[in-house]
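Visitor: Line order of the protein sequences matches chains A and B. So for the first sequence, the working numbering puts the first residue at 2; every next one is plus one. So for the second sequence, the working numbering puts the first residue at 2; every next one is plus one.
Incorrect hints may appear among the rest.
All copies of an identical chain are treated as equivalent in the list; a pair is satisfied when it fits inside any one copy or across any two copies.
[As the list claims (entries may be wrong)] The list that follows gives simulated cross-link-like pairs (lysine to aspartate or glutamate, DMTMM-like), each with its CA atoms no further than 25 Å apart:
(1) Lys202 <-> Glu318
(2) Lys154 <-> Glu56
(3) Lys179 <-> Glu131
(4) Lys182 <-> Glu6
(5) Lys300 <-> Asp44
(6) Lys5 <-> Asp108
(7) Lys57 <-> Glu13
(8) Lys18 <-> Asp108
(9) Lys183 <-> Glu318
(10) Lys5 <-> Glu56
(11) Lys300 <-> Glu315
(12) Lys300 <-> Asp10
(13) Lys25 <-> Glu192
(14) Lys287 <-> Asp159
(15) Lys201 <-> Glu239
Read the hints as simulated data drawn from the structure, not as lab findings.
There are 2 protein chains.
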Amino acid sequence: MILKETVSDIGERALIKMASSIYKEHNNSVDLTDDCAIIPIADEYILSSSDMISEKTHVPHGMTPWQIGWFTTAINLSDIAAKGGNPVGILLSVGMPPTYPVSSFLDLIKGASSCATRYNTSIIGGDTKENDHLVISGTALGRVHKDFFMSRKGVQSDDVIAVTGTLGKAAAGFHSLKNQKKSGEINALCEPNPRIIEGKKLAETGLVHSCMDLSDGLSSSLYQLAELNHVGFEIQKEKLPISKELLVISSQDPTVDELYLSLHYGGDYELLFTASEKDISLFKKKLDEINVPLTVIGKVISGKEAVFICDSNENNEILPNLGYEHFTNK
Amino acid sequence: MILKETVSDIGERALIKMASSIYKEHNNSVDLTDDCAIIPIADEYILSSSDMISEKTHVPHGMTPWQIGWFTTAINLSDIAAKGGNPVGILLSVGMPPTYPVSSFLDLIKGASSCATRYNTSIIGGDTKENDHLVISGTALGRVHKDFFMSRKGVQSDDVIAVTGTLGKAAAGFHSLKNQKKSGEINALCEPNPRIIEGKKLAETGLVHSCMDLSDGLSSSLYQLAELNHVGFEIQKEKLPISKELLVISSQDPTVDELYLSLHYGGDYELLFTASEKDISLFKKKLDEINVPLTVIGKVISGKEAVFICDSNENNEILPNLGYEHFTNK
């Protein structure tokens, strides 16, 4: 009986589906399944996306206020990147306790502003309010020509699936932070770089069929794309572009499973997209210009909405959907 | 020494000024002084504004989840109204504990969606996340033709200052809620009606010189407008359009000071604007069509950025700035 259920009984994605169906009762064109909401204006879409983070549940211990500011801005910009958009502004609302130091607040603001500037945009508004602990909500705004908008929907049956950059950087950063190492990997976790330029370069070809960012981890993202497009995916294990930072850590610590972390740990903020195999060389050329690798990791398969992982001996097994989901125990 | 200060030592407005100067270092055109941020596109501005509310500090005891949803949406829309904008979408991010009932979450979503629908727009995106207690951040998006945008800046030296509707409705609602009365006044507090239609009607005349909404109370708003425009105001005590709900309550309870509450209690979400006296009859005619009163409450004065209140005997005294400000003890 729904009345007795708590939000942790059903998890974030079920909550969003239920909210979505309420919004749709009022306006049938509402679609919460993409990274951004879109508002058509002339031949463009205005893109908008909100992400909230809470000190208690989303911020690894050891992250500085400057990094919290950068992080919040970056994860919001990542949603604009995934749609091929040009960022045009960020709104940043900060809830904090009355005892929060002014110097920490200013560091947070500087981190946020530095990230916005790095991606050629600005913090243009927001709010500050009292809260028991630090909670930050960001909204990123962007623009994209209608012809270049990359939706999550649009996977074609003979598409391949590809990913920018490498996987497991954030997992490596979390491992280093947990072990109190001062290392460059921590930046990948705490100061992610949204793929704004990469997203625009891919979008402007007009050849991408579907795209999303990898905030929740590869397996979760693949399942979301599969469900939305009513397709399955087959991923090649040996093709996964595991980050060298994670490989170094796993070579030193046998408890670190680099394959598991690359498949299921979130926070890499890479772009995951599908397109025709014939167009991959063009995408690679475009991203080569900015020294960003691009890897085809698998292909679309018909049949059920599931994801399989295949090794070099062609052993094919189902990939569990283990990415992070709020309100669940995953 | 700033390093030892906490945010409660300096208050919300000083924090926003400090944040603003950091953002301006990166982009000199950033302006956080208005109700909305603006992004120019062709002959329009895209308007955006974020407001965060926390169950612990902003929600009166007794407010239902449905009302919390309506309230968050309404206060965000009020910022679009104050600029003369047409709302085009709301993003709603909800932080809540894992134990939060699904039924309460759905009621909150229904309240938010009902408010959006009432003002001819929709919830188009958002986020749900774990938090210790309920915290909601909304972002309202709107559009307005550049010629019709009503800025907070632009007060002219011979302007009068006027307000839509009545003052003290929210204060009356709070009194009723506190005394556990079931009365219509509570709706004014918990389910405010942003002045979207009124804002558009005023804006489309092209004759408004400055405008803001009354979220923080009249005295606070007057001081904000005075500081921003380097002017003073003289308000006529007997002209204040005190709501009849508040007058009824104060007639029954001698501890209720209707003048004090009309001047300093926030939450009425009326529009406060300045214009030439000669244009007031046109504004009144426009708002008469939708049965909304409009009252000239005073005029601009030169000299220092202060607000005076004048009684019918022409006794003139300074109006204290007692509106609500976060992180202070006001």
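Visitor: Determine for every hint whether it applies to the structure shown.
Guide: Comparing the hints with the structure gives:
no. : hint              : verdict
1   : Lys202 <-> Glu318 : neither (34 Å within a copy, 63 Å between copies)
2   : Lys154 <-> Glu56  : neither (33 Å within a copy, 37 Å between copies)
3   : Lys179 <-> Glu131 : between (30 Å within a copy, 22 Å between copies)
4   : Lys182 <-> Glu6   : neither (42 Å within a copy, 31 Å between copies)
5   : Lys300 <-> Asp44  : neither (32 Å within a copy, 45 Å between copies)
6   : Lys5 <-> Asp108   : between (43 Å within a copy, 14 Å between copies)
7   : Lys57 <-> Glu13   : both (17 Å within a copy, 23 Å between copies)
8   : Lys18 <-> Asp108  : between (37 Å within a copy, 15 Å between copies)
9   : Lys183 <-> Glu318 : neither (38 Å within a copy, 61 Å between copies)
10  : Lys5 <-> Glu56    : between (28 Å within a copy, 21 Å between copies)
11  : Lys300 <-> Glu315 : within (14 Å within a copy, 81 Å between copies)
12  : Lys300 <-> Asp10  : neither (34 Å within a copy, 58 Å between copies)
13  : Lys25 <-> Glu192  : between (36 Å within a copy, 22 Å between copies)
14  : Lys287 <-> Asp159 : within (22 Å within a copy, 59 Å between copies)
15  : Lys201 <-> Glu239 : neither (28 Å within a copy, 60 Å between copies)
In summary, the numbered hints that this structure violates are 1, 2, 4, 5, 9, 12, 15.
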